[in-house]
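Taking the hints as your guide, dock the two standalone chains into a single complex.
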Amino acid sequence: MAEKETPAPRSLLAGDSFTKAVAAEQELRLAHADQDLVTTEIPEGGELGFWKLALLRFLRHRVATVSLAILATIAVLAIFVPILQGNLYRDQDYRNPYGAPFLFHSRQLALPAGITITVPWADHLLGTDDLGRDELARLIRGGRVSLEVGLLAMLGYIIIGGSLGAIAGYYGGFLDNLLMRFTDVIIAMPFILVVVAVTAALGGVTLQTLIMVIAFTGWYEIGRLMRAQFLFLRESEFVQAARALGASDFRIIFRHILPNSLAPIIVSATLGVSGIILLEAALGFLGYSIPYPEPSWGNMLQGFEDKLLRDQTYLVFFPSIALVVTALCINLVGDGIRDALDPRQR
Amino acid sequence: MPEALLEARGLKTWFPVRSGVLQRTTGQVRAVDGVDLEIRRGETLGLVGESGCGKSTLGRSLLRLVEPTAGQILFKGKDLLRLGPAGMRRMRREMAMIFQDPFASLDPRQTVGGILAEALEIHGLHQGARQRQARIAELLDVVGLSPALAGRYPHEFSGGQRQRIGIARALAVDPSFIVCDEPISALDVSIQAQIVNLLERLQEQFKLTYLFIAHDLSVVKHISDRIAVMYLGKIVEMSAARELYRAPRHPYTASLLSAIPIPDPAVERGRERIILKGDVASPIDPPSGCRFRTRCFKAQPRCAESEPPLDTVQVGEHRAACYFPLEP
Chain G
2 MAEKETPAPR SLLAGDSFTK AVAAEQELRL AHADQDLVTT EIPEGGELGF WKLALLRFLR
62 HRVATVSLAI LATIAVLAIF VPILQGNLYR DQDYRNPYGA PFLFHSRQLA LPAGITITVP
122 WADHLLGTDD LGRDELARLI RGGRVSLEVG LLAMLGYIII GGSLGAIAGY YGGFLDNLLM
182 RFTDVIIAMP FILVVVAVTA ALGGVTLQTL IMVIAFTGWY EIGRLMRAQF LFLRESEFVQ
242 AARALGASDF RIIFRHILPN SLAPIIVSAT LGVSGIILLE AALGFLGYSI PYPEPSWGNM
302 LQGFEDKLLR DQTYLVFFPS IALVVTALCI NLVGDGIRDA LDPRQR
Chain R
42 MPEALLEARG LKTWFPVRSG VLQRTTGQVR AVDGVDLEIR RGETLGLVGE SGCGKSTLGR
102 SLLRLVEPTA GQILFKGKDL LRLGPAGMRR MRREMAMIFQ DPFASLDPRQ TVGGILAEAL
162 EIHGLHQGAR QRQARIAELL DVVGLSPALA GRYPHEFSGG QRQRIGIARA LAVDPSFIVC
222 DEPISALDVS IQAQIVNLLE RLQEQFKLTY LFIAHDLSVV KHISDRIAVM YLGKIVEMSA
282 ARELYRAPRH PYTASLLSAI PIPDPAVERG RERIILKGDV ASPIDPPSGC RFRTRCFKAQ
342 PRCAESEPPL DTVQVGEHRA ACYFPLEP
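Heads up: the sequence lines are chains G and R, in that order. Be aware that the first sequence starts at 2, since it is given in our numbering, and climbs by one per residue. Be aware that the second sequence starts at 42, since it is given in our numbering, and climbs by one per residue.
In short, the hints are calculated from the structure, not lab data. Honestly, I wouldn't trust all of these hints.
Said to hold, decoys possible - Just so you have them, the derived chain R footprint on chain G, three or more residues with Cβ under 8 Å:
(1) 49-56
(2) 118-126
(3) 253-263
Unchecked claim - Far from chain G by the CB rule (all over 10 Å, computed), these chain R residues:
(4) E44
(5) R50
(6) S60
(7) R65
(8) K119
(9) M136
(10) D148
(11) E159
(12) G169
(13) R171
(14) Y194
(15) K318
(16) V321
(17) C337
(18) E358
Ideal placement from N, C-alpha and C gives every residue a C-beta, glycine not left out.
Chain R extracted, bound-state conformation (with noise of 0.2 Å):
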């Protein structure tokens, strides 16, 4: 088994909510709220998991853009918590993001070639005018896009050319891991196909980890090693991605599996379908015991009682916190 490049160890990520006059702290949304994960060096581990489930806030709390409340990121050994600012801003160097809107995640004001130099100027990488327009010119090439554009605007690109910027742009440091936060859910599906392409010739031509942000199953299938399904700030099922699509063992899993839609009308008329209960319940007062059991069709008075640990169904890789998991 490879070695874990990241590793996160009972990871939580709480939002206080503050309210009255005195701004007084009286709850709190509890975005990611106990996750244990690790990342393999040169896998990419797809998570999924509804809007507002905190997988966003995971990826981001794992690169530190938000401040986690609790917990361990181990990156190569070193307990990223524990950096200084000096020692989180040489981190920064090996780990990189590319985010969802390619339209809200560049800077309007700069020119394609200024957002480029812009980390190569924070970390002192290819000093000299010359170095840097070599450098930039070789990012613009390696995502597919000419060099000669380095002066143009994010405005004059269209979202597929924008999302080759950004995903330029997170090359730039020559990092080892990168967080893709639903990198592909805002652009055309055709424009999804070449980007997924891409991240996966890169992936192989630079030796990068990918976490895998998404709520589009197919995809993540395509894409990940592995998968995670998180659920209301908790990872409840994880495994291979051929696994898990086969034989969900979590009910939330095999509820999401049965939403994918399928091309084929006869297939698609026929299937069942999981239709869930209910909305996501509240982050900021979790249900007790397993937080899907308010949603759940399997559930039992043991569900209210105490919350399943993720290694309660555990067949070699493949893991799932349910008491009563589906059978594969």
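Chain G on its own, in the form it takes in the complex (with noise of 0.2 Å):
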């Protein structure tokens, strides 16, 4: 280790060397600063908060937008073709059940000028189911239950998941013991069971009680992850700002951790709906969704055996392509919306 030309060795404290030795390097400090005033240049960029980037780099995601742009046109179809449609779904064509799909006939229309023209047009574009209602009609009308479902129930679970995650990781300590605990037996309770009891006890299903239901048995994802959020950002080093000038809890939970703890409460809940109108589907599937006349795109798809061997599969099919588009939709704005809130992405 020592060569031969070093000069003798020094004790560390060997007064004068050893001194002049930090001086220079004191020196060499403070060569790149003759004052501390050096103005720093300004950033370039406008002032783009977090979510106006975020939103600018959503839009930029292809993919993303298509598919919130298929996803609006659905909702809007939903929401505003059944008070166009009144009664449409559940007017039962007697003389016409199964149907047939795409049956176009030759129709004349008159314009107002008093001309007619022809145009191929179909009773029942969808064609219609056993009791020959209208298969459009009631697969627009089951959109909208299950985007109501999915929404509310998600709205739901940010409020359970939200609220109780926020005050478990914030106050921590036996609190969020309790909670956790409480978490624990609501996974640990079989959600199909609940339903039936549900359902048992109310004696039927409307779609309040469903998304209830939905709600109560579901938050805890969402409860976990605010949870986890609210433990990391408590202890981050701007909240210890925050509190070191004397900021009240209350504000520390508003204007600090929450804004922060967001972008993967949004990431989680957007592709949580997708995964409840699949829950609704299902449970309509197995006849505890809501009950007939009123179409679910679930119920819709009862008794689908039947159906496909008796040569009706385009009742099976419309419904199933409504809740795979849909359901897809959703996740591919969810990939999307990640992409655009992650910050390793800046």
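Put into structure tokens, the structure is as follows:
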């Protein structure tokens, strides 16, 4: 280690040369700062906040924007078309059960100026079901149920899971323990049995009870995510800084922790909506979603084996395709949001 | 001698270690374990020690960001640990903190102006939009940033610029005491000097008192009037800065000083270094007697028997907790 040309070994305190050396290093450091006001260049770019940047990134994500457009179309159709169609979804055309889809015939249309034109026309574009009800009207109205359940149950997840998770994560200790054990109990509950029990107890299912049952049994994922965010952010330096300034718990939670914890919650919530829609479909298929004659994509699939065997496959395809497209679009939008919110991309 | 602005007496901050299903307390991490300390008005007290020796916890305990387990903190004669939440909030106008990591210490969702306005909002200072804006511009200006940047978000700034924002936030309430928790260790060397100089200028301008926590001894020497060396939750040596570097008495201080690299290859190659054996002992179960004895090159049986108090060696201002101190 020690080479021969080195000067005589010095103790670490070898007065002079040591002090000199330290002074030399000090000088080196100070050489970089004749003054402390080396004014710093103004950073490039506009004054874009996190959310605006995220929106821009999302809009650049083509798959996600297309998916969002499809979802928006589905939503607009599901909201407004049933209003125009009135009772079409439950009107039974006895003479025409199991009407085939895409049966076009010519029809004369009278235009205002006294001209008549002939157009291809289908009375029931997507055919009719076993009672001769218009499949298209039912499909659109069923979409309403699916979206309503998906969004409202997710709202329930966020309210229940979000607040319990936030409380558990922020206050910690005994409260955290209690709430997390309660969460374990909820997770351990067999969902289908709960649905059956509620159905039995109330003598039937309505849209409200369905949403409430899903919300009360499914919030734990959001809850745990929220707790993790709060646990992590509570200890972060900028929260410590706010505390050092004398900020109240209320201010720390709503000004600092909540805005910073939202990104993963939004992603999880978006992806969760498709899960809820599929869950509602599964319940409908089993007969535990809303009852007839009100359609939902799930209950339209009841008895699908018979329909497949009897060569009425379109009655299975249309609701299935609607479900798959909706769920897929939601997931793609969720992925787009995740990419847009991912801080590593900054 | 100037009066003490802040004084800690027998300060202890222990963290319980819980384990098992029932979360029973099975031990205590003694992060700060009986610290007596006074910080005089207008001075900079440097606090050095290895990672994990409790220096950050001590700094945070003094501001009650972590709740001390026992002891007293007298700030301007008032015991902080006896203040209720409202009293403590009023006290926070007088004391501030500058954090180590300029990337973690600024809320990424708030503009610089929002970050600086927060302290004013909390304490109801400079009310009215115009006064507040003027104050924010003044704060930015004083730390060497353009007031035009108030609408920007932290991610648009470099590390050094962010640290300036952190300093401006600490100044917002017009405090008299600032804990600087390794404010420069996350920065480039060239930026470090700027920030150190900025801190020194601000100290003069606003008559600030600093507790400057660091593990870089050469920077501490530059900025500090006095230095306290901490090991495993205790202060082992304390003296005027120059004196400590010239003639350390505690073997631990000597070993820390010998770890400073010297920017002169000839000297660097030839000098002796004290290489400590082993790791820092566990703060859950510290060694009996002197805590440093397990790694000390001067340890004797006596060191295991009783703990040397800080005034074992006392020459004027210079105090060291060692039975077998190095000769000056």
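Hint-by-hint comparison with the structure:
no., hint, result
1, 49-56, "holds (count 3)"
2, 118-126, "violated (count 0)"
3, 253-263, "holds (count 4)"
4, E44, "holds, 24 Å"
5, R50, "holds, 22 Å"
6, S60, "holds, 14 Å"
7, R65, "holds, 13 Å"
8, K119, "holds, 16 Å"
9, M136, "violated, 8 Å"
10, D148, "violated, 4 Å"
11, E159, "violated, 6 Å"
12, G169, "holds, 20 Å"
13, R171, "holds, 20 Å"
14, Y194, "violated, 6 Å"
15, K318, "holds, 17 Å"
16, V321, "holds, 20 Å"
17, C337, "holds, 16 Å"
18, E358, "holds, 19 Å"
Figure legend: structure checked against the earlier numbered hints; hints not met, in rising order: 2, 9, 10, 11 and 14.
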